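Chemist: The chain contents come next:
There are 2 protein chains.
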Amino acid sequence: MVVDVVLKPEISDPQGQAVLGALGRLGHTRVTGVRQGKHFVLDVEGTPSREELEQIAETLLANPVIEDVELHLPEA
Amino acid sequence: MVVDVVLKPEISDPQGQAVLGALGRLGHTRVTGVRQGKHFVLDVEGTPSREELEQIAETLLANPVIEDVELHLPEA
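Same order as they appear, the protein sequences are chains Z and F. So in the working numbering, spot 65 of the first sequence is number 65, and the numbers just go up one at a time. So in the working numbering, spot 49 of the second sequence is number 49, and the numbers just go up one at a time.
Check before you lean on any hint, since a few could be wrong.
Note that identical chains are pooled: a pair holds if it fits in a single copy or bridges any two copies.
Here are the computed lysine to aspartate or glutamate pairs in the DMTMM-like style, where the Cα-Cα straight-line distance is at most 25 Å [stated by the list, open to error]:
1) Lys8 - Glu45
2) Lys38 - Glu58
3) Lys38 - Asp68
4) Lys8 - Glu51
5) Lys38 - Glu54
6) Lys8 - Glu52
These aren't lab readings, by the way, just hints derived from the structure by calculation. Given the structure is predicted, the values throughout are model-derived calculations rather than measurements.
Here chain Z stands alone, though its shape is the one from the complex (with noise of 0.2 Å):
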């Protein structure tokens, strides 16, 4: 499963400022935003529920007042 975890778009990104930053600063200047997050892939056993995938991304790897959840599940 992969779990990718960005802040909310009202939530400021001192890192992702700081790559737009340098990215402006070596040319790359039609780059008009950035934003850095987290990426994870866990391996998961067997066929666990929907519900549990969720849980564990919403509740263990995000915190949910500032981050949103994408989940890559795998096909069933």
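Following the hints, position chain F against chain Z.
Modeler: Same frame as chain Z, now just chain F:
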């Protein structure tokens, strides 16, 4: 454009190991491996060449000595 950066398989990943340990203590024993990486979402204006996007990803967002890059380019 979305860029996922993950440590190469032969590089140890203490963050991922810590998450794996926490999941085990919380009873999620079906998860047998966790790798933690970085997830970048870039807003790009116009239609830059695939070459430029690859260069940004591989030389500026990742450290190619220890990290692998996965590019998700927008549809042409």
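Chemist: The structure should be examined with respect to each hint, and the outcome stated for every one.
Modeler: Hint by hint, here is what the structure shows:
1. Proximity of Lys8 to Glu45 under the C-alpha cut-off of 25 Å is restricted to the inter-copy arrangement: shortest distance 22 Å between copies versus 31 Å within a copy.
2. Taking CA atoms no more than 25 Å apart as the test, Lys38 paired with Glu58 passes in both settings, with 13 Å inside one copy and 17 Å between copies.
3. In this assembly of identical chains, the alpha carbons of Lys38 and Asp68 lie at most 25 Å apart whether taken from the same copy (11 Å) or from different copies (15 Å).
4. Proximity of Lys8 and Glu51 under a CA criterion of 25 Å is satisfied intra-copy only: 22 Å inside one chain copy versus 30 Å between copies.
5. With identical chains, the CA atoms of Lys38 and Glu54 are at most 25 Å apart both within one copy (16 Å) and between copies (20 Å).
6. Only within a single protomer do Lys8 and Glu52 lie at most 25 Å apart by alpha-carbon distance; the minimum there is 23 Å, versus 28 Å between protomers.
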